[in-house]
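Chemist: Listed below are the residues making up each chain.
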Amino acid sequence: MSPAPAVDIKTLTIDGKEVSARAGQTILEVARENSIAIPTLCHLDGLSDVGACRLCMVEIAGTPKLFPACVATVEEGQVVTTSSDRLKKHRRTILELLFAERNHVCSVCVANGHCELQTLGQEQGLTHIRLPYRNPKLEIDGSHERFTLDQNRCILCTRCVRVCAEVEGAHIWDVMGRGIDSMVITDLHQPWGESACTRCGKCVQVCPTGALFDKSKVGSPHPKYPEFLPALQMMREQQ
Amino acid sequence: MSKHTLATVWLDGCSGCHMSFLDMDERLVELAEHFDLIYSPLVDLKTYPEHVDFALVEGAISSTDDEAKIKKIRAHTGVLIAMGDCAITGNVPAMRNPYSAKEVTDRAYFENASAQQQLPTIYVPTLLKTVRPIQEFVKVDYYLPGCPPAADTFHAFLTGLIEGKPVDVSALTRFGA
Ligand code: SF4
Ligand code: FES
Numbered sequence: 001m002s003p004a005p006a007v008d009i010k011t012l013t014i015d016g017k018e019v020s021a022r023a024g025q026t027i028l029e030v031a032r033e034n035s036i037a038i039p040t041l042c043h044l045d046g047l048s049d050v051g052a053c054r055l056c057m058v059e060i061a062g063t064p065k066l067f068p069a070c071v072a073t074v075e076e077g078q079v080v081t082t083s084s085d086r087l088k089k090h091r092r093t094i095l096e097l098l099f100a101e102r103n104h105v106c107s108v109c110v111a112n113g114h115c116e117l118q119t120l121g122q123e124q125g126l127t128h129i130r131l132p133y134r135n136p137k138l139e140i141d142g143s144h145e146r147f148t149l150d151q152n153r154c155i156l157c158t159r160c161v162r163v164c165a166e167v168e169g170a171h172i173w174d175v176m177g178r179g180i181d182s183m184v185i186t187d188l189h190q191p192w193g194e195s196a197c198t199r200c201g202k203c204v205q206v207c208p209t210g211a212l213f214d215k216s217k218v219g220s221p222h223p224k225y226p227e228f229l230p231a232l233q234m235m236r237e238q239q
Numbered sequence: 001m002s003k004h005t006l007a008t009v010w011l012d013g014c015s016g017c018h019m020s021f022l023d024m025d026e027r028l029v030e031l032a033e034h035f036d037l038i039y040s041p042l043v044d045l046k047t048y049p050e051h052v053d054f055a056l057v058e059g060a061i062s063s064t065d066d067e068a069k070i071k072k073i074r075a076h077t078g079v080l081i082a083m084g085d086c087a088i089t090g091n092v093p094a095m096r097n098p099y100s101a102k103e104v105t106d107r108a109y110f111e112n113a114s115a116q117q118q119l120p121t122i123y124v125p126t127l128l129k130t131v132r133p134i135q136e137f138v139k140v141d142y143y144l145p146g147c148p149p150a151a152d153t154f155h156a157f158l159t160g161l162i163e164g165k166p167v168d169v170s171a172l173t174r175f176g177a
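Just so you know, the protein sequences line up as chains D and B, in that order.
Note that the numbering used here numbers the first sequence so that position 220 is 220, with each residue one more than the last.
Note that the numbering used here numbers the second sequence so that position 162 is 162, with each residue one more than the last.
Take the hints with a grain of salt, since some may be wrong.
Unchecked claim - Far from chain D, by Cβ distances over 12 Å, these chain B residues were calculated:
| hint | residue |
| --- | --- |
| 1 | T5 |
| 2 | R27 |
| 3 | K46 |
| 4 | Y48 |
| 5 | A82 |
| 6 | E111 |
| 7 | E163 |
| 8 | K165 |
| 9 | D168 |
Claimed, not checked - For each label pair, taking beta carbons as the anchor points, the in silico distance ranges come out as:
| hint | chain 1 | residue 1 | chain 2 | residue 2 | range |
| --- | --- | --- | --- | --- | --- |
| 10 | D | E123 | B | G78 | 28 to 34 Å |
| 11 | D | L138 | B | G164 | 43 to 49 Å |
| 12 | B | K139 | D | E237 | 53 to 59 Å |
Said to hold, decoys possible - For lysine-lysine, the following DSSO-like pairs were computed, each having C-alpha atoms within a straight-line distance of at most 30 Å:
| hint | chain 1 | residue 1 | chain 2 | residue 2 |
| --- | --- | --- | --- | --- |
| 13 | D | K137 | B | K165 |
| 14 | B | K3 | D | K89 |
| 15 | D | K202 | D | K215 |
| 16 | B | K139 | D | K137 |
| 17 | D | K202 | D | K137 |
| 18 | D | K137 | D | K17 |
| 19 | B | K46 | B | K72 |
| 20 | B | K139 | D | K88 |
| 21 | B | K129 | B | K71 |
| 22 | B | K139 | D | K89 |
| 23 | D | K89 | D | K202 |
| 24 | B | K102 | D | K137 |
| 25 | B | K165 | B | K3 |
| 26 | B | K69 | B | K102 |
| 27 | D | K88 | B | K3 |
| 28 | B | K46 | B | K139 |
| 29 | B | K139 | B | K165 |
| 30 | B | K71 | B | K165 |
| 31 | B | K3 | B | K71 |
| 32 | B | K102 | B | K71 |
| 33 | D | K65 | D | K17 |
The set of hints was computed from the structure by calculation and includes no laboratory data.
Bear in mind the structure is a predicted one, so any value in this text is a computation, not a measurement.
Beta carbons are placed, not taken as given, at the ideal position from N, Cα and C, and that holds for glycine.
The task is simple: from the sequences and hints, build the whole structure.
Modeler: Take a look at the structure:
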């Protein structure tokens with residue numbers, strides 16, 4: 001008889017590969033530890049997960065339901081598939097819905113070439129959108145001295161909301177409205193420039209698209225650097 | 001060897017796709033061994049031919065004239081290729097869509113005109129309510145995104161067509177490329 005293990009280890013299969021994980025880990029974490037790529041958009045290392053975008057959906061044998069890998073936790077004996085024709089079809093449709101919902105004009109966007117939505121579209125083989133574009137009339141808030149919010153490019157991933165609340169501790173971002181009318185807002189829907197913003201710029205760095213940008217970057221490449229988050233987290237844990 | 005016939009069409013776009021096509025430079029000579037360019041802003045023919053094997057279409061559908069043209073092109077073309085972001089997404093021309101066509105023409109012909117404020121009524125086609133990509137009007141066989149697609153993209157794509165081995169377009173280009 002071997003002694004009970006100190007940690008609760010789960011064994012499962014992802015894409016035919018036998019892997020082991022600690023209980024409570026998400027399928028996404030375990031897949032990435034094993035170099036299995038799952039596309040994500042709302043997930044960001046260093047922030048809590050909300051399962052908002054559904055791009056990370058995976059199949060689990062024995063159920064017809066799909067599971068968001070960023071929030072679904074591992075189970076003993078699970079058989080997970082991260083790529084199939086069905087998943088590809090759904091991922092493609094999600095991206096098409098995002099492109100059709102607001103006005104993503106890549107050619108003139110400040111984030112062109114550095115946008116996670118654009119890159120994912122290319123990776124998933126998107127050469128056109130099969131849905132009619134909605135072309136809504138949306139606000140651009142340029143009231144902040146350093147940054148701009150362009151609702152035309154927002155995909156409602158809520159990374160800005162989470163980084164501001166969880167990491168900066170200011171919580172000036174929130175989501176107002178419902179369904180297709182949902183918008184990110186600052187404070188109680190006051191202009192960004194008049195809000196309690198601490199001007200740290202973390203939201204700009206985590207925003208996957210050109211929805212939040214640094215005014216000084218207009219007309220020049222605007223890569224974002226969200227990698228600061230896990231590093232910051234590690235430093236804080238060491239203190 | 002018999003050549004394929006080729007058309008290039010310029011709808012609501014800036015002609016940047018055509019410029020990029022020409023940027024293939026000396027490779028155009030080699031392509032000319034496989035294609036006869038029979039209709040294009042670059043040749044004299046004014047009416048679309050009875051049959052064209054391949055058509056590269058630049059630009060979105062913005063006016064009644066664009067709409068009539070794309071339908072005619074589809075009816076007389078074997079393989080229709082949407083060339084560039086305007087044809088595929090509406091892109092820059094579609095940035096007027098959140099506004100009404102009247103707001104747009106008022107701005108151009110009245111608010112910003114210092115002399116002769118009037119809406120042209122002859123020779124100028126009526127604007128559609130919104131600018132739409134061509135696949136909303138006709139069936140498209142291939143999509144070549146990019147603003148504009150690079151000369152290398154054109155070359156790889158057209159070479160694939162000649163060899164009957166269509167290339168994976170996403171490996172070459174994307175929206176906004
Ligand atoms: S502004 Fe950017 S980070 Fe915030 S929800 Fe929209 S896309 Fe996400
Ligand atoms: S990354 Fe999992 S739902 Fe967005």
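Chemist: Now, for every hint given, state plainly whether the structure supports it.
Modeler: Outcome of the hint check:
1. T5: holds, 24 Å
2. R27: holds, 23 Å
3. K46: Check passes; 30 Å lies beyond 12 Å.
4. Y48: It holds; Y48 of chain B is separated from chain D by about 23 Å at its closest Cβ, greater than 12 Å.
5. A82: violated, 7 Å
6. E111: Per Cβ check, E111 of chain B is outside 12 Å of chain D; nearest 18 Å; holds.
7. E163: holds, 20 Å
8. K165: Label holds. Min Cβ-Cβ 17 Å, cutoff 12 Å.
9. D168: Non-interface label on D168 of chain B violated, nearest chain D Cβ at 8 Å vs cutoff 12 Å.
10. D:E123 x B:G78: 28 to 34 Å: Given range 28 to 34 Å: holds, Cβ gap about 31 Å.
11. D:L138 x B:G164: 43 to 49 Å: holds, 45 Å
12. B:K139 x D:E237: 53 to 59 Å: holds, 57 Å
13. D:K137 x B:K165: With a Cα-Cα distance of about 42 Å, the restraint between K137 of chain D and K165 of chain B is violated, given a limit of 30 Å.
14. B:K3 x D:K89: It is violated: about 38 Å lies between the C-alpha atoms, which goes past 30 Å.
15. D:K202 x D:K215: Judged against 30 Å, a Cα distance of about 14 Å means the pair holds.
16. B:K139 x D:K137: holds, 29 Å
17. D:K202 x D:K137: Given pair K202 of chain D, K137 of chain D holds - Cα atoms ~27 Å apart, limit 30 Å.
18. D:K137 x D:K17: Since the Cα atoms of K137 of chain D and K17 of chain D sit roughly 48 Å apart, the hinted pair is violated (cutoff 30 Å).
19. B:K46 x B:K72: holds, 13 Å
20. B:K139 x D:K88: holds, 23 Å
21. B:K129 x B:K71: holds, 18 Å
22. B:K139 x D:K89: holds, 20 Å
23. D:K89 x D:K202: violated, 33 Å
24. B:K102 x D:K137: Within the cut-off at roughly 16 Å; holds.
25. B:K165 x B:K3: holds, 17 Å
26. B:K69 x B:K102: holds, 23 Å
27. D:K88 x B:K3: The hint is violated at about 38 Å.
28. B:K46 x B:K139: Holds, at about 24 Å.
29. B:K139 x B:K165: With Cα atoms ~21 Å apart, K139 of chain B and K165 of chain B stay inside 30 Å; holds.
30. B:K71 x B:K165: holds, 27 Å
31. B:K3 x B:K71: Given pair K3 of chain B, K71 of chain B holds - Cα atoms ~25 Å apart, limit 30 Å.
32. B:K102 x B:K71: holds, 25 Å
33. D:K65 x D:K17: The given pair, whose Cα atoms are some 21 Å apart, holds under the 30 Å limit.
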